[in-house]
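S.K.: Single-letter residue listing:
There are 2 protein chains.
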Amino acid sequence: MIEAGLLIINLQSLIISLQSLIINGFIMTNVSIIGIGQTEVKEMWDTSIRHLAWYAIEAALDDAHTTDVDAIFVGNMLAESLSNQNHLGALVADFAGLRGIEAVTVEAANASGGAALRQAVLAVKSGLVETALAVGVEKMTDETGPKVTAAAATSLDADYEAMHGLTLAGAGALLMRRYMHEYGRQVADFAGFSVNAHSNGADNPQAMFRNRLKAERFTAAPLVADPVTLFDAAPLGDGAAAVIVTSHDRALDMVPQPVRIAGSAMATDTLALHDRKEALWLAAAEKSAQRALAQAGVTPDEVDLFELHDSFTIIAALSLEAAGFAERGQGWRLAQNGGIGRNGRIPISTFGGLKARGNPLGATGVYQIVEVVRQLRGEAGPCQVEGAKIGMAQNLGGMGGTAVTHILKASK
Amino acid sequence: MIEAGLLIINLQSLIISLQSLIINGFIMTNVSIIGIGQTEVKEMWDTSIRHLAWYAIEAALDDAHTTDVDAIFVGNMLAESLSNQNHLGALVADFAGLRGIEAVTVEAANASGGAALRQAVLAVKSGLVETALAVGVEKMTDETGPKVTAAAATSLDADYEAMHGLTLAGAGALLMRRYMHEYGRQVADFAGFSVNAHSNGADNPQAMFRNRLKAERFTAAPLVADPVTLFDAAPLGDGAAAVIVTSHDRALDMVPQPVRIAGSAMATDTLALHDRKEALWLAAAEKSAQRALAQAGVTPDEVDLFELHDSFTIIAALSLEAAGFAERGQGWRLAQNGGIGRNGRIPISTFGGLKARGNPLGATGVYQIVEVVRQLRGEAGPCQVEGAKIGMAQNLGGMGGTAVTHILKASK
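Read top to bottom, the protein sequences are chains E and Y.
The first sequence lines up with residues 851 to 1262 when you count with the numbering used here.
The second sequence lines up with residues 851 to 1262 when you count with the numbering used here.
Do not take every clue at face value.
No distinction is drawn between identical chains; accordingly, a pair holds when it is met within one copy or between any pair of copies.
No farther apart than 20 Å at their CA atoms in a straight line, the calculated lysine to any residue pairs in the SDA-like style are these [what the hints assert, rightly or not]:
1) LYS1239 - ARG1028
2) LYS892 - GLY1020
3) LYS1127 - PRO1085
4) LYS1127 - PHE945
5) LYS1064 - ASP1053
6) LYS1259 - ASP1009
7) LYS1127 - GLY947
Don't read these hints as lab results, they were simulated from the structure.
Start from the sequences and build out the full structure, keeping to the hints where you can.
M.R.: Okay, structure coming up:
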């Protein structure tokens, strides 16, 4: 009977540990990526927004060898004003041949794509959705430049910034000017970001700009908003990218190389730059990066590549600092000596980044994920970062008012 | 030793059942509502969209006696075109004193509010978010009527419906005319829906219209889009409503009467009416209702009240049919003899519904939830449905292109 008593105690303690595991959420669903798809980024005058989304979804379904999707999360920012179309969730589900399934639009300005993936991750982890698809889509070229610029400025504070004429490029210029003043930098110090992006984009057939860029041309570029030039600012384009996620256990049965989402986090900050305690610190980028890294159990040193939100060269520098890859005021240094190149300390914009691949605002965050997955599968072709096992993607909304960070891990 | 052996077998079978419970997802986090808040629905010319959202959030935080919220899901449809403001997630979080937390906008046309709650539920169930707040907010009166009408029509198919001049009221008219033809009905057969809504709205201090309506006035109302009259169509207004959710276990420690979300489901259909196999059947409404009812283990007969999406009287009739409260073609009958009244077979629009409480598009779905919670807590005052224990809310986008259904259960 003593033996029996011990057994009972052992088994009871087993049950208690099991319960505590459940309560503490350790027996949660791990989520993995089983399919990716993307369109070229460019001006597509003859392609509607529903077609764009469909092309990316179709490619992702083909890649995952499935049509069995339970929910679609559409990342989009500007269809309401540029395509007179809200309600993209239902529309895209129907047009992609998935009529009737759960579908919704997720918007966090330029971070809409990353936010859509974040919702897909939450949905699969919840246990209520088995397979979810995040598609980022933006159709920008049906309207004139001034209307697109005004629409993009809806990511800023409408009442206190945009209303007074501030645009995204204007906000970028304020930050860049301040950074140059604060840290004694010159415009030329930012050249490396664009040179690297264009160098990588030249090898990416889906990139909007595939021309290499010489550092000496950088400083001679025409001004967009002083000191931001044409070569500091990422180009807006049409595009769509899609990612399919499911539980890791299921993923292992479905595809040879599922890529695990080891960290997923989202944080916010004020929209208006003047409301921030420190204009030159992307607090949301820092917070979401730290949380995602902690979830993944990874330090910045262990990250093999970082798809950051290089909407402007200054944002690339600030992102490197906020995410823990450089000290405050030192982000620009990584762009000097190949630190951000394919063989550098932390490769960024490996397919061209926003600068050369192009920036279809609400789709950009999903492009970043597609690109990290291609790297971790070893399918990045000439853009490959050798031996990449851990990749990080960070998508920003507005001037960092929203930040979504994901850490992905290769399965092999 | 025989006894010990039996114990081992018993305990092992216990562990196996526990494991199968985990695998089957039955030991998932149950989600409950711990706080609600709302503003009046009306034309608020001196209130910005951020203020509207804040008022509702503040009320919900007060109601839940907490300021500890981890994520905000903003249901909104039209801020981009009517307030020149995207990126509401971060903006609203900051303005409500919750700077930095996870926040995002969720859009599914007029179903944005219900969709925002759905995301909050998924977030809490995922285990990654402990407490989530869903706030629906819409600011409609800063722009002129024609611009608002055009903006609202972005919930229809832009390329195949709205482009040709179809509006929401026009689409409602097509459905109502077809229903009258198909089932041999008259305009007067729909009067009961508006009479009931206005009768209930008269008792709700937050309602946009608090006047009672006589059935004989109904048929004399001016036409909006033949046969839809002023008294068939719900009025658009400004408003915000908020709901705070957390795990049921936590909720029990926090508030005296948590209301459990027993069912949560979302489904879609084509946006365009002409793409549907049956114009008079709301397939997404049926699908999401069936799923939510099944999750809750509840039949329509057991539902004590149903906050449905009475944007038009015809939609109220079709919703009753799709959700299983009436046979096909018979939904109008429930409005004849008090079947939808407070003491009827299935009380609807108990605080006035969209028709009398008002319809701030992207906020409406959260108002519905707030109202069901007030009923289940027994705090509905003169609007109270006696003994209400199980409530259902269904929020539609466009003309039923999206449907979100929630089943709520009283804790006592």
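S.K.: It remains to establish, for every hint, whether it holds in the given structure.
M.R.: Taking the hints in turn, this is what the structure says about them:
no. : hint              : result
1   : LYS1239 - ARG1028 : neither (36 Å within a copy, 59 Å between copies)
2   : LYS892 - GLY1020  : neither (24 Å within a copy, 37 Å between copies)
3   : LYS1127 - PRO1085 : neither (30 Å within a copy, 42 Å between copies)
4   : LYS1127 - PHE945  : between (45 Å within a copy, 15 Å between copies)
5   : LYS1064 - ASP1053 : within (16 Å within a copy, 72 Å between copies)
6   : LYS1259 - ASP1009 : neither (41 Å within a copy, 41 Å between copies)
7   : LYS1127 - GLY947  : between (48 Å within a copy, 15 Å between copies)
Hint compliance for this structure: hints 1, 2, 3, 6 are not met, and every other hint is.
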